Amino acid sequence: MAQSLARMETQRGRAEYVPNPSFANSGHAWLKFLRHYGPVPRADNMFDETLQRLARRQQIAPIDFQHPKQAEIADCFNRATADPVSVILTGTAGDGKTHLCRQVWKALRGSDDDWASDNPYLTIGFEYPKDRTTWPQSAEPRLYRSVKIHFIRDLSGWAPQQGAEWDVAKEALLQKFCHSLFSSDSDEIFLIAANDGQLIESFRRLNGTPDVKRARQVFEDLLVEDRQEQTGVRLKFFNLSRASSAVLFDRAIEQFLAHPGWDELKQGVPAENDVFGPKCPIRQNYELLGTPLVRARLRSLLELCDYNGLHVPVRQILLLLTNAVLGHPDVGQHLMLPGDVPKVIAAGTVSKASIYNNIFGANLSDIRRQSITIFDFLERFQIGSETSNRVDNLLIFGDGDENLGDYFANFIEKDKFYGADDRFYAAKHEYIEGTSEDEENDNAFLQMLVAQRRGLFFKIPKDAEVELNLWELTVFRFAGEYLDEVVAVLKRGGVVKRPLVSHLVKGLNRVFTGMLINSDRELFLATSGNYSQAKVSRILVERVSVEPSKGEKVILRVDPASGRVLLSVFFAPDNYVDFNLTLIRYEFLLRIAIEGALPASFSRECYEDLLAFKSQLIAAYSKRQAKEESPSGSTISLMLLSLTELGTPDPRAVEIMP
Amino acid sequence: MNALPQPLPPPESFEQSSSMWVDEAIWGHRLYDEQLPWFVFLEFLNVFTHEDDKGRAFDEQDKPNELKYRAAHRLYLRNILFNNPHLPNIRLSYPNDSNRWEEWLRRMKSAATGLNHPEFGFLKDHFHSFEDFCEIVSLVRSTSLEVNSNKRWTSKFVFPYGRGCLYEDLDNNASTNDRRFFGRTGEMLYLMLCRTPRKQELLAAFKGRLAKAEKTWASIINCLQPTSAEDMSGERANAFLPYASHPCFDDLADDWLAVLRLNIPSYDVFPHLVNLAGLHILKYQLSVSRQLLGSSTPLKLICEVVAPKKTLVRELSCDLYQSNNLLPAQAVETFIANIDRSDDWQRAITENGAFEKCRRILKEKVRWGEDYDGPPDAGELISRLRQDAMKRHRQHVANIHRNYGREIGLVSKRGTVKLRYAPTDALFKTLLFANVEKRIELHQFLDRLHLRYGFVFGDKEAEQVLSKDEFDKKAFQGNSRRLEQRLGSLGLLRRLSDGCAYVVNPFHTEAR
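Protein chains in written order, with the working numbering: chain A, 4 to 661; chain B, 38 to 549.
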C-alpha cells in the first residue's frame, strides 16, 4: 500500500544519515514554530505580521507560497499598468490580505523597516507615465508623474472602534479616497485591505457626502454581485474569499511538506522513542500527509467545500495541515511539542495522535473545534458517523472473512500506528460476544469505529472506491460521482453522461410536481393554481425537452467566471435559466430521483431553492409565450397531471368555454 | 409612546343596540377572535370591491364610520363547490355523459340550499363533459379556504381569484350573515386603511395588483355561476373604528404597499397581505391597550428563533407573552376606572338621585345598565359593570392576541408547553418582504424589525429593552445566529464572511 511503502523507504533511508544534534535542535525549533499555524488561541488581527516577526527572530523560514491572485494584484501597480487605480483587497479573516499587501509593498520597493512598524497606514510614492496609455521608452523624468499610494493595510485597526468618533485626518483621507474613485485626474491612489464586514461598516460610519454614498453602493454591489470592477469607477476590487480552496490547498500543502524543517528533523537521526523516530506519531502523520492518497482525499474534501459554496481561507488550510500532523488530545493545547513525543510513546497513546482524527479536529475540545471554520466545514461531511453495512461489516467481522479479510488486513491490521491494536480487538470481541450490558464499553467501541471509519476514508484506494462505497462514509453519497463524472468531465470540456442528467431531471420533476413521477426525458413545469410554491402541483404548464429540440434543452455546464457547475434549462437559444448545481443540491436531486426520499437534515434549504428555480423557469416560459400569438378562441384549456401506477405521467386536457 | 388620540363619537345614525359598548369604545366594532386573518381579508375584499365600484374606495368622504355596503351571496357557486357531495357517486354509477348531467341536475334541484328556483343547466354550456366539470370542481376545491375544516358549508370560501369569488359568510340556511365568522374585523381593516395618508398610493397599488392577476382562474370561477344579476345582501352598516388616525394604521399601509409593489407572482402576494393584516390588528390591540394604560415605553415582543433546548430567550419570551396577553383586559379595567374617576361620575355620586344619574352616565357611555337588578348603589353599579365587561371581554376580544398570533405564525408552543413568540418561516418571509426593498445588512434588518414592530431577536435590541439582570448577551447572539441560519435556509440571506451578511429580497422589482 502506498503509505506503507513510503514508510519503508524512509526507514531505509534513515540509516544513512549521520547524527547531528544541531540539526535536531533546529528541527525542534521548526516544530515549535509550526505550532503557531495551528489551532492555538491568538488575539491579534495581523497574523501575517506576527508570524513574519517571529520567523525573523527565530530565523526560521515561514511557509511561503504564491497566492493565486498575487500576480494579478501586483500587475495593478507595476509596469503592467500605465494608469493605476485604487485597489481593495477584501475577504474573510485569514485570506491573506496583509500578506498580499506586503507583496505589493515589496514590489514598489517600500522599506522593510516601515513595513515592520505597527502602523496600519503607510504611504509610498511611485512614478507612472504622464501619458496614461503606455510606458515611455526613455527614463526622461518629465515624462513621468509622481503618484502617491496610500496603504491602509488593516482598515479595522486603523478606523476608530465602533461607537468612537472618527479622527479628523483619517476621515478626510477616506473622503479623499471616495472622491478619487470617481475622478480621473487624481494623483493619489489607495490600497486598502479589510474584512468585507469591516469595509462596509467603516464606510457606513463615514459622513455621508455624495461621493461616500456612491462609494458605499459600489462596494456593496461589487461584494454581493461578485464582481471585480464597475464601469466609471477607478477601483479594482478583489474578494479573496472567492478563490478556490482546492487551488489554495495544492499550493499550501506543497510548501508545507517541502519545508526544510522536516529534513532537519530527519537528519537528526533520532532514537526509537524520540521526535521523528520510528515510533513518532509526528513523523508518521507527516509521512501519511505526503502520500498521494491522503493528499487527494483531503483535496477532494476541500474541492467539495468549494462546490458547496464554503470558502476555506489560506490560514485555515495551514491550520488544518498543522493540526493533522501535531494533534494529540492529551498534550498542552492539544498540539504535540518535541518534548511530548517520548511521553506519548511511553504512555501508549500514540494512536490518539491519529492523523485521520486530527484532520477533523478530534484532538480538540468540542467547543474549540466547533469554533474553527475548517473543522466546522469538514464536520458537515459527517465522516466517521456515516457508514454503510459493508464498511461496518469490514470493521467488525472483516478479520479473517473470506471476502473482506484482505481489506481488513491491509487497512486495519497492518496499520501499526492507527489500525487495530489490542484495545480494538478486545473491544470488538466484547461488542460481538460479550455478555456485559455496560453501555460505556459499547460506546468506547463505537468511538473506535468512528476513528477507523475516518481512517478508511483515507485508506481505500481509488480503484476500490466503488466496491467499498467510499462515499457512503460521508453524508454525500454521490460526492465521488459529482467530482469524477460531473466536475471533472465538464472541466475537460466533455459532456456529462446521459443517465446522470436523466436522474437529475427525474429529481427535478418530482420536486416540481410534488408527485413520484418517473419521467426523465422532459422537464415538467406544473403549478397549483393559486400558489406557485404549493407542495403538490397538478396543473401542467409546459414540458421542456431534455434532448435539444426546437431551441429547448437541459444541459450541465461550467460557469467560466466562477467555476460553478450550472444546470441550464433552455426555452430558446436566448432564453434560459441557470441553476447553480452545488454538491448539496446534486445530492438532494439524486436521492429524490433514486430513493424518492431523503434525510430531513438538508432537505429544507434545497427544497426552497428548487421552488425558487421553478418560479424562474415559469417566468422564462411566460416570456417565451408572450411572443406567441394567443389563440383566437377564448376557450380555456388546462392540462391536469396525474400518474399511472408506474409513475408515468398521464396528463389529461380539460377545456372550459367561458 | 404617544398618548391615545381622542376617540371619535359613534355617528348619530348608529344602531343603538342594547349590547355593551366597552371593547368597542376602546378598539372598535369589532375585533372578533373567531374571524381569523384570512376571513378578515375576505370580508375586507367584499367591502373594498363594493366601495371601489361606487368610486370611493378608501374614502370615507368626511363621514367617519358611516360605511354602508352590500356583499354578494353567490349561492350557485357555493352549492356546487361546498354543498355537493354527489359527484364521485354519479361518476361511478352513471356511465353515460348525458345521464350523469341529468342525474346531477335532478339531485341539485332538490338539494341546493338558499336558491329560489335552482337551475344548474347553464353549466353544460361551459364544459364538454361531466368528467371535465368534476375535474374542475375538484381543482377549485383543492385551493379553497377552510375546505377541509368542519365549518358549515356556508362558511367555506373559494380562493379570491377575482370579484366573482367574493361573497359573505352566511348562516346554516344560507339566508343571512349571522356574524359567525364575518364579525366586522374586515370592515375595521378597511376603515384603518381609509385613515392613512398613503391611501391613494395603496389604492393604486392594490388595484394594479388585482388588474395584473392571472385571469384564467377568475374566468373558470365565473363559469360555475349564472351570468344573471348577482344575489346581493341587504345593507351592511355599523362598522366602527374609534380613531381618526393611528400609527398602527400607517404601519399597516406601509407594509401592504411594500409587499404589493414587489415582483411576487400573481396570487402569492395574498398570504403576505393576510399575515400583515393579522399582525397589525394584533399590534393595534396591544398598542391601544398600552396607550390607555399610559405606558411610556414602546411595545416589546421578544421572539425566540426556535432552539433545540430551553434558552433564556425562550423564558423571557414566555413571560413577555403572558404579560402582553393581559394588556387588553387591563385596558378594559382602566377604561372603567376612568369612568369612575371622571368629573361627571364624581359629581353624580354626591348629588341627589346619585344612582339614577350614574346609571344614565353608563347608559350614555357604555350602553349598559338597563338590565341591572342589583342594589341601587353607584358603587355596586360600576363594580357590576366591571364584572360584566370583563366577562364579555374574555369571550372574544381577549383572544385576539393568542388566536391571531398563532394563526399568522407569531405565537407558538413548539418544543414547549407554554406559548411564546416564535415566528414561523412563513412569517419571516412576510416580514422580510415588507421591510427589505432589495437587500440590507442583517443587523439593520433586526434593528428595523425592532423599531417598527417591537420584535427583539438579537443582542443589540435586547440590550435596549431588558434590564441588566435579565439581559444575557450570549443567549441573544445565539438567537440571532439561529435566525441567520433560518433565513439562509430559506434562500433569503447572503453571508459574505464572518463579519457581514445581507438579507436579500428575491422579489425586488428591479431584479428582472
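Please keep in mind that the hints were generated in silico from the structure rather than gathered at the bench.
Small disclaimer: the values here were computed from a predicted structure and weren't measured.
Hints should not be assumed to be uniformly reliable.
[What the hints assert, rightly or not] Pairwise CB distance ranges (calculated): (1) D462(B) x N578(A): 28 to 34 Å; (2) Q450(A) x R431(B): 54 to 60 Å; (3) A564(A) x P263(B): 58 to 64 Å.
We put the CB at the ideal spot given by N, CA and C, even for glycine.
Tested hints:
Evaluation of the 28 to 34 Å hint for D462(B) and N578(A) yields a pass: the beta carbon distance comes to about 32 Å. The hinted range of 54 to 60 Å is satisfied by Q450(A) and R431(B), whose Cβ atoms lie roughly 57 Å apart. One distance hint, 58 to 64 Å for the beta-carbon pair A564(A) and P263(B), holds here, with the actual separation near 59 Å.
Violated hints are absent here; each numbered hint is respected by the structure.
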